[in-house]
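*Asks:* Sequence:
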Amino acid sequence: MREIEKLRERLEHYRNELENENYDAEQDVVDLELEVTEMMHQFDYQNDFNYKGKPTEFNALKAILQDIKKLKREFDFYDEQGERDMMFPNGDEEDFD
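In this note's numbering, the protein residues as written are 32 to 128.
The hints are simulated quantities; they were obtained by calculation from the structure and are not laboratory data. C-beta atoms are modelled at their ideal positions from N, C-alpha and C, and glycine is treated no differently. Wrong hints could be hidden among the right ones.
As a list, the in silico DSS-like pairs of lysine-lysine whose alpha-carbon atoms are at most 27 Å apart [said to hold, decoys possible]:
1. 100 x 85
2. 85 x 37
3. 37 x 101
4. 103 x 93
Here are the in silico distance ranges between beta carbons for each label pair [unchecked claim]:
5. 115 x 81: 30 to 40 Å
6. 115 x 72: 17 to 27 Å
7. 120 x 37: 38 to 48 Å
Sequences are here, hints too, so could you generate the full structure?
*Replies:* Here's what the structure looks like:
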């Protein structure tokens, strides 16, 4: 659980950097998001219906991931998939060329 707390501390540090207009922290946030996502896979078993314990780690990581997404919206991070969807709204259709 200490490792997860360190992830939360890093996120807060990056938030402070962005608030101080140090936009170099954007890539750090993206990297952190990847790291949290990968770590969530380690705790996927806690999200299973048959899991008897409390999904403490999984829920903590999920909350961090949600906070990262909020931070990215707040600081208007570039969203490549969102831009592509806006330019090509039917891009995922089978007959799209």
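*Asks:* If a hint holds in the structure, say so; if it does not, say that too.
*Replies:* Here is what the structure says about each hint:
Between the alpha carbons of residue 100 and residue 85 the distance comes to roughly 24 Å, so the proposed pair stays at or under 27 Å and holds. As the CA atoms of residue 85 and residue 37 are separated by approximately 21 Å, the hinted pair is consistent with the 27 Å bound. For the hint linking residue 37 to residue 101, the alpha-carbon distance of about 19 Å falls within 27 Å, and the restraint holds. Using a Cα cut-off of 27 Å, the hinted pair residue 103 and residue 93 holds, with the two alpha carbons roughly 15 Å apart.
Taking 30 to 40 Å as the suggested C-beta distance range, the pair residue 115 and residue 81 conforms, at roughly 38 Å. Distance hint check: the CB atoms of residue 115 and residue 72 are about 26 Å apart, consistent with the given range 17 to 27 Å. Separation of residue 120 from residue 37 is about 40 Å and conforms to the stated range, judged on CB atoms against 38 to 48 Å.
Of the hints listed earlier, there is not a single one the structure fails to meet.
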